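Hey, can you piece these two chains together into the complex? The hints should help.
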Amino acid sequence: MTRLVIDPVTRVGGQLRLEVELEAGAVRDAWLSGTMYRGVERILLGRDPREAWLLAQRICGTCGTAHALASVRAVEAALGVRVPPNARLLRNLVAGTQLVANHAAAFFGRQLVDWVDAGAAVQADAAAAAEFARSLGAEQPIDIGELEIARRRIEATAASGRSGPFAGGPWGHPAYRLSPEADLVLLAHAFEAIDWRRRVTGIQALIGGKTPHPQSFLVGGMATAPPWAGPSKVAPGQHLWGTGRQVPSALTAERLDAMRTLVDDAVTFCEDVFLPDTIAVASAHADWAGFGRGRGHFLAFGDLPEDDADRPALLLPRGRVMDRDVGRLVEVDQSGVAESVGHAWYEPTAEALQRPAESGTTPRYDGPRPPFETLEGFERYSWVKAPRYEDDPVEVGPLARSLVATAAGGGDLPLRLSRAMALTGAPSDAAFGMLGRLVAPAVEAVVVARRMRAWLDELEANLADGDLAVADVSRWDPASWPATAEGWSIGESGRGAVGHWLAIRDRRIDRYSVVDAGTWNASPRDNRGRRGALEEALVGTPVVDATRPIELLRVVHGFDPCLTCGVH
Amino acid sequence: MTAATIQGELGALLERGLSRRAFLAFCGAMTTLLALPPRYAPRVAAAVTASPRIPLIWLRGAGCGGDGEALLRTAEPDAVSLLLESLSVDYLEILMAASGTAAADVRSATMAAAPNGYLAVIEGAVAGADDGAWHTVGGRAFRDVAREVCAGALGVIAVGSCAFDGGLAAATGGTIGASGAGVVAGGRPFISLPGCPVNAANLAATFVHFLTFNELPPADLRGRPLFAYGSLIHNQCERRAHFEFGEFVEAWGDEGAQKGWCLYKMGCKGPEAYANCPAVRYDDGASWPIGSGQVCIACTMPGFWDSMGPAFRRLPPLASFVPWLTADFAGQVLVGGTAGLAAAHGTASVARAALRRRRAARARVAPAADAVPEPVVAVEAPAEPITPAEPNAPPDVAPAADMPAADMPAADVPAAEGPAEDAEDEPEPGLEAEAANPPEVPPEPKLEAAPRPKPVRPPAAEDDP
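Those sequence lines, one after another, are chains A and B.
Going left to right, the first sequence walks through residues 0 to 567 as numbering that gives the first Met the number 0 numbers them.
Going left to right, the second sequence walks through residues 0 to 464 as numbering that gives the first Met the number 0 numbers them.
Hint data in this document are derived by calculation from the structure and do not stem from the laboratory.
You can trust all of the hints, since none of them are fake.
Facing chain B, from chain A, some residues (calculated, C-beta under 8 Å):
#1 PRO7
#2 ARG37
#3 ILE42
#4 ARG46
#5 GLY63
#6 VAL112
#7 THR156
#8 ARG161
#9 ARG197
#10 LEU205
#11 GLY208
#12 SER215
#13 PRO362
#14 LEU467
#15 ALA470
DEER-style ranges, computed between Cβ atoms:
#16 B:ASP253 - A:ALA478: 14 to 22 Å
#17 B:PRO41 - A:LEU44: 53 to 61 Å
#18 B:SER107 - A:ASP264: 40 to 48 Å
#19 A:GLU350 - B:GLU214: 55 to 63 Å
#20 B:GLU214 - A:ARG452: 46 to 54 Å
#21 A:THR348 - B:ALA49: 54 to 62 Å
#22 A:GLY160 - B:GLU214: 21 to 29 Å
Here the structure is a predicted model, which is why all the values come from computation and not from measurement.
Note that CB positions come from ideal geometry on N, CA and C, so glycine has one too.
Isolated chain B, as found in the complex (with noise of 0.2 Å):
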């Protein structure tokens, strides 16, 4: 190699031209997105140039492929770049030049050449009925596979919504025993990144994350980075203004269609999904579902095809004779609720102190219970809760400046630890609990506190037959 030889991403720009400003920028706009202070940038360029590549090893499930096609969208760093010059992807089936036997010995002779030095990303589910049976790759079960890779890999990356959950193949009907990527990460430090497909810009973050700090990025108790994961589309959206003065799209095509009205009454999820769509859209900003018309799927949440579904079957209201109950502000008590869950999963003396408070919360605000049925907080209950570090905060702000030069910059929040399913059935008795109770914030007071300009009442309940 002479002197000349390319350095990376950095020395891959300036030889086509292009300025350090430009890939400064592109630097900068990596910060924005995994909401970085903007002096944090400097140390992102650093860190996408350094030599050696850290290796990858992507392995496919059961799953569509559509989230290694994903990864070949990414713009910011451009697919080449990432793949030859940010990392060293050594392992990914729909790109490599080796082919069996061949291909399986690279695999291996990353894993023997940089133990506990490489990252594993899967995309697609783990087939786990049979053995392992219904998915082999070389004559081995995929699961056996993963799990080895998995076993020394200095992080797991899950991407897209089977990674996540087990996504489509877990689906009702499905018989291969799907389950997310979590059942094979073993412990190792682990993130999920749902999405059908998987956003290329927050896959293209999440990469850019572990070269700056060398771990993953902050995530909630599902595994997912709250930089990406962290805010409801329903508050980032682009039509949310509709939805406030009650302008809605009644039928495929007609004028609110074409004026880009609200899309809620045909039966978008937006009210119950936690994505950054909005915010960075796809293909480099070129546009995202409901940009483009059509209702958002929530495919982001746990079990969404069956949770969420069907796809055009209106939310149920929140409880039509109370009409200024959003579903934001009922997300925003759960939110604040789940918060305090999470304070409680510590120690036991936490958990019953918190039941004495709430049970005096009950004996004080008792009227304001009857006004708020259980039930109707139970139905808009997101299937997990979701424990944002600032639950309020938009994504495309940047924390302020004065944050404490941590590594961590987000905040700190109980990141997942260990496998996904570890953490699975801790919250659902908890949030049972706080359906129960009533909110903290009594509703009444808010009422009175801040009535609406211009109530709209949300739509009569009105299933599809």
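Excised from the complex, chain A in its bound form (with noise of 0.2 Å):
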């Protein structure tokens, strides 16, 4: 038996350590451990609740979108604030931002190289490959000419001497199966996706002012108000001079029609790139569809609200699918979340479970002093809580949202997933393991950026007709609010379910509570020693060469662990 260590585990979120016990060629037992702490939950104690989410953003730099919008509706909640519809309609607009350039940076920043073989695609012959991108899909819209560029861009990188981001890759490993052709036309891709992820996240900076960490979100709403449709007269005692000088408000007309030709191509990108080139890995990889199945339960919180009622309807629903089984949705309330911290490193509580609306974060770091080679031997070892759902150890991502969305019946997802799942000509149950996290996450980019185009006619159909509300403001002032308050919000980041939880006392943050998707994948043991879904998932695994064991890194990336989420 033999001990393997992955430490960096690059390509993920944050500070990811894997440990595996191998047996027999085969992952006998794993260990998951986020090496870096900060503790923003504790930062933000004592601080106003309208500021709060500008500090929760900042627990992640790719999903903090998420995390923003989880701080804000907590608040809102505790507060009872009521955003107006087009404040909704704008943070679905960001939301779905974040979720479709997510995915697409998952896919090919994230996981590719443990699919695509960089060192076999500059022998690739540029035609073959065009032939092999047509074959992916009629729209493909790559030509010779680019192919033969970026075949000619990782040559010249790699003959340098200065192979970049490419050196030391496991280049030439036997598990790489695809064709030179296929690996050059998908890292053309993947070039293309890093500029056209630059292009789309463009929305959250026309909304937002920037991005990463848009800066318009509020507790009632958005910041980004509309042009102002009543009379520009000079009114008396106000100089002629600055009202000549009005500077443009913050969603113009120009700045939708903008937002609209990236809608739409995120569309053009995700449907006729992204998807089929995941389906392509996919189906070259179908005798991967037993592996890294986990325990089978899916959880999703769900996002994405349609309307303004209390208990809006979800365009990506709420619930749980256990055992693997799809035919029965179980309701999911915030109440179910616990967590443990017996094997992380905090302050032991009382009892094993602590649901995160009463608990605390005390961190007491008990491992090994730096340097040591392994974490064998300590109880306690990641930075990470261990939440589970009704002491249920859960899968949370694009692949538990399709699942849930599956159960919950009809709509666009479950539909579109089936069919591109029928497509990889995988066995029917390949969509719960490594085949599904392939496929999953680029279909609901598909179904999100299509989505996206109703809500801009939405909002522009409200602006037309005189709706310019972007923000409830009856709030804002700290005097209206009661001495004592509590509030949470459930919702999803790309990666997964988020949770905050928060308690207000004497208008300031008394407690606050983070459940992120990077906490519930990459979760270690719980109080009863049962492991977190992705150590769960890596058991089994083969690793044909322990030298190099990307079987490993396909698993883990396939769930897109985010530990700066995870431990925050």
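Right under this line is the structure:
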């Protein structure tokens, strides 16, 4: 039995360490450790609840908008604020952009080189590669010239003796099985994806001023105001020069047009490049359907509200799928969430499982002093807490959301997922493992990108009808708040279910707890010694070459774990 | 490699059918952003297309990873060109193919193959408590890895507010002993690009400056490059005219918000923040926070989570009984004062002379000193003095063309020598001395010489409960 350590696991959010025990060429047991702590929950204490989202957003540079949104929603819930429809639409556009861009980055930026051999790609023939690209779909917008440029770029990078991001990759590993032409097409798409992602996140910049960390959220709505539609006369006493130098307001027609172009661009990219590419990779690895299946419990908090009711309809539905039974949707409520710190570096708690609404965070590091070789033998081994839903370890993320949507019945998402999975030629239950984690994000990106068009239409129609409200400011003044209040919100980041719980006392934050997608998926063992979702999925994964364990990276990256989020 | 092999950025652009003219336009844009004379553009072009590429080791400390994301948002040059052709980004955890020991080997190989020949970039704070046990990479304290990498670097670039001074992890309530990357820079040439996250355009411009001149751009005492952090946001703000005319957003989404009025009353920290956000904006110029209707949170300033917060509390007015005294004017007085301080930094005799001059000045303008009580200036003082070469020069104006053809074009400003913490303590006593003394420019004559056409009274002091 050999113990294998991968630290740092690259191409994930934050600092991830993986230790596995190998037996007969496969993983017998696995431990995941988040090895960087910041303590955002504690830093939030004592601050103005109206600025909490700014700090919460900095939990993650990739999924920050999800935390900002979760935070303003939790404060709004505590204070009883309901946001206007325009604010809901703007928030959905920001969150939708984050989700679509994150999925594309997860596949092209973080997962691709686990499946694609960049070393082989330089041997590809551009003409044959273009032929392969056409076979993926009629609309693949790439030609021989672009492919040849991509090939030369990789070649020049490698030939110069400085391979940059490609340096030290496991090139030539027997687990790579795509043709050099397929490798080249996918890498060329990855280059394109970086540029596309920069452009599409412009939607966040147009609404929020910048990205990462768009800045126009507010407790009560959004700061992004539409142009003044009233009379523009010079009021008495008002200086002419002042009115003549109007600066554009935040939500001009030009900006809405620019967003529409970017949304159309996103739909095209997701439908014509992203989804066909994931299907191509999945169909070439049909034998991987049996790996990385894990325990089979899936949880989605649901997000992207479609109306302004107390319990709005959600584009991504809420619920649970237990034991891979998509025929039955199990209810989900925030009260089912509880965390264990039995194997994490925090003060032990009286109860084995603590609900986030009632618990604090007191770090206490008792792991090995650096430098260290292994965490073996340490009962506590991670900065990630172990959240459980009604005592069950669950998987969250785009696959979980798609399966919950399937269980909820109807809608665009399940239909498209089953169609895409059929195209991979894999067995019918392949969706529950590695192949589902490849394809489901692309399917979801297509669905959300298409839906963003409708939100833009609705927003423009509202503005045209004279509904210019973007914020409810009735509770902006802290004097209007009760002495104590509690609030929570549950929703989704691109990577999975996110919940924020907080208490306000004397107009300051008194308690703050975050449970994030990274906390769910990269969870260590809980009080009963049961592995977290990703630890469980790693068990049984074959490792052909222990010096280059790309099989393990495939499973890890399939979950797209985020440790900055997971630890916070 | 054949003769047709791509040569760097220029080759890539030409291969993609873009004209040399477009490439030179990019170089022109870069020289403008760096506040270089236009005739530097060909030199920038030559540097960006040069071979071999400079290796880059990008380390991620205790931060959110948003600055690495910002790197992928660079538009000019586009991120792929920057990563593959202008630089050799050998170690960048969010992107690199190698993992685990293979990743550490890549890092070591670059350090061994190019001793004193690579750039180190650090994002995120450095965790110092408990021997760095709160943040480990490969079983080692991040702090130790960063020290090792910086020791052999050509230069160290700290990106983002966390690498500047510890940022969020160092805010009140933080427990990891977070500090900025200065503590690991080990005396290597050091520059800091605060901002939450760093503006991708400034990051790219810093790389381009290094490629062009083989050194980091000139910086202030805190290590912030003057081309990006030399001017007050308030002075460059597109909504500034509304401030002058007393047109303020009074509530979110109100008429003022719809008309794009000034956000000062909503808590905007633009009057206290130094950065080029209004001129450069974000995401290829799409927008910036104030342009999207939200207040500035002064994320380029030291300790901004505590020193500039709460985000939505209005800045205290300077003095409700001196209505003409704007933040801008006070800033000029302060900046002028700190420029004097920088000179005093050198020898004790100079300092003593300055003290004598100030005493004389105090004697001359004693009545004016009563008119501007000390606490007023002290309250308004930025947490850290800035010493830009030309405090009032807008950043989008290129320097005069007849500038001496020196490699360091901005000015002979005392750049931060060595780690930032060396310089940290020194300005404070001077600042107090400055605040305790009356401004060099007596305010009374100024009032008489240039009375405001329509004085707008700053809003009354009205703290949030």
